[in-house]
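Make a model of the complete structure from these sequences and hints.
Those letters in the sequence shown? Residues 1 to 304, by my numbering.
Hint data in this document are derived by calculation from the structure and do not stem from the laboratory. Glycine included, every Cβ here is placed at the ideal spot set by N, Cα and C. Treat each hint with caution, since some may be false.
Think about it this way: if two alpha-carbon atoms lie no more than 30 Å apart in a straight line, the pair counts; the simulated DSS-like pairs of lysine-lysine are [claimed, not checked]:
#1 Lys65 <-> Lys168
#2 Lys8 <-> Lys168
#3 Lys65 <-> Lys167
#4 Lys297 <-> Lys8
#5 Lys301 <-> Lys168
#6 Lys8 <-> Lys61
#7 Lys8 <-> Lys296
#8 Lys167 <-> Lys61
#9 Lys168 <-> Lys61
Now the in silico label distances, taken between C-beta atoms and shown as ranges [unchecked claim]:
#10 Leu263 <-> Thr299: 41 to 51 Å
#11 Gln207 <-> Ala260: 27 to 37 Å
#12 Ala111 <-> Thr299: 23 to 33 Å
#13 Ile261 <-> Arg300: 26 to 36 Å
#14 Ile131 <-> Pro52: 44 to 54 Å
#15 Val20 <-> Asn303: 37 to 47 Å
#16 Ile124 <-> Ile214: 42 to 52 Å
#17 Leu112 <-> Ser210: 21 to 31 Å
#18 Pro199 <-> Ala283: 48 to 58 Å
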Amino acid sequence: MVPNNTLKANHLFLVLFTMVIWGMNFIAIYFGLKGFSPFLLSAIRFALAALPWVFFLPRPKAPVKYILGYGIFTFACQFGFLFSGIYLGLSPGLSSLVVQVQVFFSMALAALFFNDRPSLWKIIGSLISFIGIGIVAANVDTGTSLAGLIFTLLAALSWAAGNMFSKKVDAQSPLALVVWGNLVALPFMVVMTLVIDGPSVIWSSLQHVSIPTIAAIIYIVYLSTHLGYGAWGGLLNSYPTAMIVPFTLLVPVVGFLSSAIFLGEDLTSWKLAASFFVMAGLAFNLLERQISTLTKKLTRKANQ
1 MVPNNTLKAN
11 HLFLVLFTMV
21 IWGMNFIAIY
31 FGLKGFSPFL
41 LSAIRFALAA
51 LPWVFFLPRP
61 KAPVKYILGY
71 GIFTFACQFG
81 FLFSGIYLGL
91 SPGLSSLVVQ
101 VQVFFSMALA
111 ALFFNDRPSL
121 WKIIGSLISF
131 IGIGIVAANV
141 DTGTSLAGLI
151 FTLLAALSWA
161 AGNMFSKKVD
171 AQSPLALVVW
181 GNLVALPFMV
191 VMTLVIDGPS
201 VIWSSLQHVS
211 IPTIAAIIYI
221 VYLSTHLGYG
231 AWGGLLNSYP
241 TAMIVPFTLL
251 VPVVGFLSSA
261 IFLGEDLTSW
271 KLAASFFVMA
281 GLAFNLLERQ
291 ISTLTKKLTR
301 KANQ
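This is the structure:
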């Protein structure tokens with residue numbers, strides 16, 4: 001499919017709706033980790049996302065290596081790292097912000113492998129957003145988990161790598177790609193939870209599962225994974241990466257607000273400052289055309 005250069009109104013609504021789902025997903029992860037370890041929660045998520053749907057959706061048309069790469073990076077690595085980051089102490093609100101570093105990784109990888117080079121304006125916007133990530137890193141000693149931050153950054157890198165494999169896979173439907181990707185990730189995470197958690201911990205967790213944990217799993221699997229990643233895959237295949245990826249910077253807005261409402265997470269001054277820079281970078285990216293046009297007009301007037 002040839003990428004479009006203008007985002008249609010219905011696709012704009014779809015990408016915004018997806019960002020809301022993903023922003024709220026960090027709250028679901030938080031509650032899911034109250035009952036399960038990061039590896040067990042990931043394994044359950046992959047199993048329910050893949051089965052029984054894999055028997056009804058055709059395997060994406062692509063070499064097996066691309067499907068394996070998509071499943072390993074987008075699901076096994078990204079969520080293994082993300083769940084571990086939150087489990088190790090990075091708050092859901094901050095996690096939703098830090099993982100947006102994938103914007104920079106995605107643009108860089110797209111330029112490297114697909115010659116999908118971002119414009120100067122998008123690069124500047126990304127650098128503005130990166131200031132916000134720097135503020136988070138600078139506040140590691142004020143209640144922020146360094147280990148959680150590192151794992152979440154690794155999750156962002158994994159997400160970006162998965163985006164590149166997604167572009168190489170020709171799936172009849174984005175949902176089919178998501179389902180098969182989860183199937184690829186499942187055995188990796190099953191091995192991880194068996195080795196690290198052990199059968200006794202797994203069995204005990206399953207015996208004492210709570211209603212909030214079950215609700216969290218339902219949200220993570222059927223809303224965030226099936227609906228969210230299905231829509232995301234379709235958008236990436238329809239538009240240039242540099243046009244779609246910056247929208248993910250809206251996720252931390254939803255993440256921070258939902259964390260404050262449901263978890264009572266404090267919105268300290270440095271968290272607000274970090275969010276400001278991330279959102280400023282997003283605005284710079286999305287208003288690229290208007291900014292470029294205005295700059296040209298001002299330049300012409302100055303030269304007259």
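Outcome of the hint check:
1. Lys65 <-> Lys168: The hint holds at about 10 Å.
2. Lys8 <-> Lys168: Holds: lysine 8 and lysine 168 sit about 23 Å apart, inside 30 Å.
3. Lys65 <-> Lys167: Distance ~13 Å between lysine 65 and lysine 167 Cα, so the pair holds.
4. Lys297 <-> Lys8: Distance ~27 Å between lysine 297 and lysine 8 Cα, so the pair holds.
5. Lys301 <-> Lys168: At roughly 45 Å apart (the allowed maximum being 30 Å), lysine 168 and lysine 301 break the hint.
6. Lys8 <-> Lys61: holds (27 Å)
7. Lys8 <-> Lys296: holds (26 Å)
8. Lys167 <-> Lys61: Distance of about 12 Å is within 30 Å: holds.
9. Lys168 <-> Lys61: Distance of about 10 Å is within 30 Å: holds.
10. Leu263 <-> Thr299: 41 to 51 Å: holds (48 Å)
11. Gln207 <-> Ala260: 27 to 37 Å: Check passed, 33 Å falls within 27 to 37 Å.
12. Ala111 <-> Thr299: 23 to 33 Å: Given range 23 to 33 Å: holds, Cβ gap about 26 Å.
13. Ile261 <-> Arg300: 26 to 36 Å: Once the Cβ atoms are compared, 48 Å apart, the range 26 to 36 Å for arginine 300 and isoleucine 261 is violated.
14. Ile131 <-> Pro52: 44 to 54 Å: holds (46 Å)
15. Val20 <-> Asn303: 37 to 47 Å: About 45 Å separates the Cβ atoms of valine 20 and asparagine 303, which means 37 to 47 Å holds.
16. Ile124 <-> Ile214: 42 to 52 Å: Taking Cβ atoms as reference, isoleucine 124 and isoleucine 214 lie about 45 Å apart, which means the hint holds.
17. Leu112 <-> Ser210: 21 to 31 Å: violated (45 Å)
18. Pro199 <-> Ala283: 48 to 58 Å: holds (50 Å)
The structure fails to meet hints 5, 13 and 17 from the earlier list, while all remaining hints are met.
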